[in-house]
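Peer 1: These protein sequences, in sequence, are chains A and B. Quick note on numbering: the first sequence equals residues 573 to 970 in the working numbering. Quick note on numbering: the second sequence equals residues 573 to 970 in the working numbering.
Don't read these hints as lab results, they were simulated from the structure. Treat the hints with care, since some could be wrong.
As the list claims (entries may be wrong) - List of simulated lysine-lysine pairs, DSSO-like, C-alpha gap at most 30 Å:
1) 923(B) x 808(A)
2) 785(B) x 785(A)
3) 861(A) x 808(A)
2 protein chains.
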Amino acid sequence: MLVATPQSLHFDAPLALQSGAFIRQYELAFETYGTLNAAKTNAVLICHALNASHHVAGVYAGQARSEGWWDNMVGPGKPVDTERFFVIGVNNLGSCFGSTGPMHTNPDSADGQVYGADFPVVTVEDWVHAQALLLDRLGIHTLAAVMGGSLGGMQAIAWTLLYPERVRRAVVVASAPNLTAENIAFNEVARRAIVTDPDFHGGHFYRHGVVPKRGLRIARMIGHITYLSDDVMNAKFGRQLRDAVVRAADAGAGQGGAAAGAESVASYRYSTQDVEFQIESYLRYQGDKFADYFDANTYLLITRALDYFDPARSFGGNLSQALARASCKFLLVSFVTDWRFAPARSREIVKALLDNQCDVSYAEIDAPHGHDAFLLDDPRYHGVVRAYFEALAAEVQA
Amino acid sequence: MLVATPQSLHFDAPLALQSGAFIRQYELAFETYGTLNAAKTNAVLICHALNASHHVAGVYAGQARSEGWWDNMVGPGKPVDTERFFVIGVNNLGSCFGSTGPMHTNPDSADGQVYGADFPVVTVEDWVHAQALLLDRLGIHTLAAVMGGSLGGMQAIAWTLLYPERVRRAVVVASAPNLTAENIAFNEVARRAIVTDPDFHGGHFYRHGVVPKRGLRIARMIGHITYLSDDVMNAKFGRQLRDAVVRAADAGAGQGGAAAGAESVASYRYSTQDVEFQIESYLRYQGDKFADYFDANTYLLITRALDYFDPARSFGGNLSQALARASCKFLLVSFVTDWRFAPARSREIVKALLDNQCDVSYAEIDAPHGHDAFLLDDPRYHGVVRAYFEALAAEVQA
């Protein structure tokens, strides 16, 4: 089993952000797996989405259940094989897992307060610039590949536009060239739930010793609904009652347990506030878990980075023109049941790349899991990625 | 223009609810349009969905913008023609527009408190029983038709099962035989937003002089996203900035206004809390408006009635068996872009009715508006309904 060790680097030079603001100095938390070859041709950067981190693969020594968030994809013998590639995971600025973010001390605060809501708005492009500075420090000029799913895929696209000469291949999974109005709408409802939580205190809740957990729970519940497909929700939860079996068994106890098979007619509780259906229990659990570890300001920042990403914007909405700067090879993957970042959005990217005579591979995977599929180990999906990295390994002599 | 007059009837006998609870006594608010013929064969009952009421059609005298919620469908010369039919709209129990609900005095309260969260959970079937008692009082035995969209369509289905001998035709628009896990999930998030609002006070906020507006706003924003299609949201709002034109014009003012056409490159505000996109502004407005007039306990009750509706439940999930009791004619209508109550759900009902040799008409309308389409006046949709009611008028000599 791959054992991961988190690292961190400090950057003294201010980072100029797209908004015009600066981050005066910052830390970037990262992990690496595998070995950089002598020619430095085998580096792969993995970019994370909303609630993940630099801990992509492996486990932490002595910590049970500490697998990285893409451990099924990255590791020894995995599709992104760390026996051939030197893989880097980096936590993005504004996140809450080690890199500088809202929970860190604001150097402009006279009395040493944390940033909170004063952490500047960061964009996908800002993250990519910071990632490039990290690579400089690691002595890596060219990436064999940059790869990410969802928001991570947006970072991969941005890499090919901001640093075309530093990327050989980009792997963009379950992503989109920008958010739709509906995507933005879901983000906005989640943000409003957080911001209007009385414990948010305008984003400076830390100094009040509270956390806007109500808002975070609602935000996460909304997120979860959009990560899953309607079909997989029906398959997993359907209209099952939370404790239907227990209640049916109870009811049948006096009749020799004859009602054990009567699950389908177990009685409702008739309550508007108690959990009645399994899906409710699942969502509440996910919301509670998330509110215990995720930072509310980070949630706002990262969903805003999603909203803002739109490379075609400076080209009058013309994505083909926007992607003209890209010169690397591309693999795009989408999932047919993903209604958050639907295959049609990936096809827009594919078309724009083809308009520019780029070398593009595209796989549309018929997996049932919705957007979440990008994190799961569908064999067709993993097979496509594995083959793509095998070809890349040959190309860069990894 | 049709002028509507709200009416109300008091019911002294307790109403036994599906949950086992009772409503000791109650008022039902209703409106009627047109004239009941001598043979009493031309009555049509319209059932409302989540946030509507008995005010289906017409306007209130002297009140601007007081059109009923289905005024494009019901009225003189409209598809449901009040010159031929006697149309009844009724506000359901637990609602907040006149019929007995959480804001009314609880007769079991020693000190005259309102029900609040103690209002009993009501189901679609409970509503139908109350509607039948109202018809008894109006001297109407048989309905020419019962009609509703969404949750209203569920009431129409329930009528055909509970009172098959009292219904000639049922018109079920944009409805479903039950909610999917995803539907329940959206309802649950909305309910959690309301219940966890500190101003909810366990549902007894009235005695604290507050309203859980934060929660109601979030609930309504979530609802609105699910009422619209992704396409119509993109067409209506897309990624437009809230004040892009103004800002572009501002920017161009020093250059003789040359930037007036530069809307697409207007700068972002780079804010996580301010409105940036038009869709955000729209959702916040809808949320604010709703929180000003809708009762929080009613929201919980009505979404729960949606969750609970499932006529196939007592038949091991077999909808064909569940609908075997229905003997009237049916018209079902669905909309291809409705992802809340998708056409596939209407087709399940159609199939189950056909299994029972029912007389079923079905129209699937290619309207772009999502679930909201059932309230809009698409000419194909209205044409189908008009033709259906013309045939019915001939049948009942209306």
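Peer 1: Given the hint that residue 861(A) pairs with residue 808(A), test it: the Cα-Cα distance must not exceed 30 Å.
Peer 2: holds (20 Å)
Peer 1: What's the verdict on residue 785(B) and residue 785(A), does the C-alpha distance respect the 30 Å limit or exceed it?
Peer 2: Holds - the C-alpha atoms of residue 785(A) and residue 785(B) are around 18 Å apart, at most 30 Å.
Peer 1: Starting from residue 923(B), check that the Cα of residue 808(A) is at most 30 Å away, please.
Peer 2: holds (25 Å)
Hint compliance for this structure: no hint is broken.
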